[in-house]
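K.L.:
Spelled out, the chains give:
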Amino acid sequence: MKPLAILLAVLVAAPMLLAPPVATAADDFTIALVAPLSGRWARQGQLKKMGAEMAIAEINAQGGIKALGGAKIVLREADAGDSVEKAVSAAQRVLAREKISAGIGAWLSSFTLGVTEVAERLEVPWFTLSYADSITERGFKYTFQTSPVSSLQAEQALDLVVDLAKRNKQTLRKAAIVGDNTAATVFFFKPLREKLLKAKGIEIVVDEIWTPPLADATAIVQKVRSTQPDIVFYGATNFPDSIQVLQKVKEFGLNVPIQGVGAWLVTPEYVKTVGKELLDNIMTVTAAHPLKGQEELVKRFTERTGEPFMTQDPLMTYAHVWIIKEAAEMAKSADPKAIRDAVAKLDLKSGPAASTLAPGRIKYDERGRRVGAAPIIVQWQNGEPFTVVPVEYATKKPIWHGAK
Amino acid sequence: MSVSDLAQYVVTGLLVGGVYALMSIGLALIFGVMRVVNFAQGDFMMLGMYLTYFLAVVSGVDPLLGALLTIPPFFLVGVGVHRALLVRVTGGGDPQRLMDAQLILTLGLSLIITNGTTMLLTPMPRGIKTAYATQAFAIGPVLLNQARSYAFLMALVLAGVVYVFLTRTDLGKALRAAADDPEAAGYQGIDVRAMHGLAFGVGIALVAAAGGLLATYHPIEPTVAVNFIVLMFVAVVLGGLGSIPGAFAGGLLIGLVQSLTLLVLPFQLQNVGVFITFLLVLYLRPQGLFGQRLRAV
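Here the protein sequences line up with chains A and B, keeping their order. First residue of the first sequence? That's 1 in this note's numbering, and the numbers climb one at a time after it. First residue of the second sequence? That's 1001 in this note's numbering, and the numbers climb one at a time after it.
Note that these hints are calculated values from the structure, not bench results. Among these hints, one or two may not hold up.
What the hints assert, rightly or not - The calculated SDA-like cross-link candidates involving lysine to any residue, where the alpha carbons are at most 25 Å apart (straight line), are:
(1) Lys250/A with Val1142/B
(2) Lys250/A with Gly1108/B
(3) Lys49/A with Lys223/A
(4) Lys345/A with Gln381/A
(5) Lys272/A with Val1226/B
(6) Lys1129/B with Gly253/A
(7) Lys223/A with Gly1140/B
(8) Lys190/A with Ala1136/B
(9) Lys49/A with Gln1268/B
(10) Lys223/A with Tyr1283/B
(11) Lys99/A with Glu384/A
(12) Lys272/A with Val1142/B
(13) Lys49/A with Ile1112/B
(14) Lys1129/B with Glu384/A
(15) Lys250/A with Met1119/B
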């Protein structure tokens, strides 16, 4: 009986062993998403995935990629984890396993720097929302950075807060820089520290940078309290760190405007953890946020996912999938090199891809940076984050800290 | 640097260290009695945080009480995990092979718990909104965060209870006997295997309670353990492997050093102070602050 049992087991198992590791229909068009799905940034990866899945569902429901005979888009996600090594290994795995036409990822700039090295080597076009300037300073042909870079964000965010303060009859003389040492934050703070604040006559009175996780925020907030800055530039990408700082701000009774650096500061869980009163009037600079006229898109997203509002991560990934779709229509091919060449020539001024991101145009320059990409300033107002700048896309007017 | 600033740094450090101390004594107890290095200790802490969170959100239980309520179920979880898994890799046999098996088992358990929680509860961070997380007791110019102060006091009480249990009760003495010399304890009629189960249960219950206290001011996510597990190990080794008072002192010392390091080093190097202290202690007193040449609880 025993040999017979073994034979039966082999016969049953054989088809499974012979099948390819991932079953994909011949005409599917595969996009890779490398994002943190475990570890301390997993929530952001999850939000990105929601955006990608929504775009794919819409495209497939509308008949897929028409130039490829109605090919359906398939998403292959790979977990970037919580370190650059894991992110790079995830990219290598997903790109080596099957034919990938284009990729998206990997949220944190430090991860994206590593992942785009892999994509460049394997010649797969790669789209990212990461901010760090260095991502598109390496002469890569396959990297497309859709967000405005950190240094540009710093410049424009500073102009905005100085202007907003002036309109509220306040003068900014002293600033605090407080944040972690992840790549996007570093690149945002660098120009502020080196030239921008000085040019505006603003003195830096606190400059504290940490490596996540932060053990305790008392010393930082104590320094801010004792130096009394007129504005705090704030970059704590790790949620527990950020919560600790905000709780301390309340505990110490600090009353100072906070200008955040990145979309991590406008996720729904902030309201649940620290309450809307503490968040009110806090502003942050992001690469994308729902704009005036996008109410329908946001409604579709909230109904689909149960999230209370839409933020940069799903919005940007949603746009990326649509950009890839448009490139595939133009290239009439699923070949990654052909897609890359099509993206380089792309100049979209209408359609879901273009209308999702301000200023309504998708075109990448020779470095791979999106032409006209400008930062969006988002402000918490009554427990919800709203776009307040640029004014033409704003869903609410900005309120200066302390003003009614 | 004024005296009040210095006092604030010391107080902050001690308050942070109090919860580190409670986290660490569970680990020290498990190592002291069973000689098992439990890599999943931080993950049980995370589960304790989630239980406290759900008690607070679903039943409206104050998280300070919730932290205490985590003790009975997690004691049973600890005893269950010991009976189902750890018993296979402790006790008699080749010590080196057993040690390897224990490491793989607890590391695997840690991965399963973290990723299982991520799948079941999603990676979304959650937090218990308490009034005392953002309020402080003022002693002159020095501010004591209320949540951390309550957590510190409860950690002190729980550590005291464990100490009394180990030194004043028959069961505690039997536990120590099983730690000191399992063979001789067996000859005296002590069920060493049951003592191992008891130690693991108490160790897990303590770290879950520490998690509950932490949840009063720290957000909860499936990966929260990575922020604390290294510090727990450092505290246990600093205090003297397996020593309960040592682990408690080690935890307090880490909090204090983390805070005082900021007086001389930038924030980015906050944990450098901890590891320099760690190396100094290992160099000058290899058995740890409270350690003896022979292992003891």
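K.L.:
It remains to establish, for every hint, whether it holds in the given structure.
P.N.:
Hint-by-hint comparison with the structure:
1. Lys250/A with Val1142/B: 16 Å, holds
2. Lys250/A with Gly1108/B: Outside the cut-off at roughly 40 Å; violated.
3. Lys49/A with Lys223/A: 39 Å, violated
4. Lys345/A with Gln381/A: 40 Å, violated
5. Lys272/A with Val1226/B: Roughly 23 Å between the alpha carbons, so the hint for Lys272/A and Val1226/B holds.
6. Lys1129/B with Gly253/A: 18 Å, holds
7. Lys223/A with Gly1140/B: Satisfied, since the Cα-Cα distance of roughly 18 Å is no more than 25 Å.
8. Lys190/A with Ala1136/B: 35 Å, violated
9. Lys49/A with Gln1268/B: 32 Å, violated
10. Lys223/A with Tyr1283/B: 35 Å, violated
11. Lys99/A with Glu384/A: 41 Å, violated
12. Lys272/A with Val1142/B: With a Cα-Cα distance of about 29 Å, the restraint between Lys272/A and Val1142/B is violated, given a limit of 25 Å.
13. Lys49/A with Ile1112/B: 23 Å, holds
14. Lys1129/B with Glu384/A: Given pair Lys1129/B, Glu384/A holds - Cα atoms ~18 Å apart, limit 25 Å.
15. Lys250/A with Met1119/B: Violated, at roughly 33 Å.
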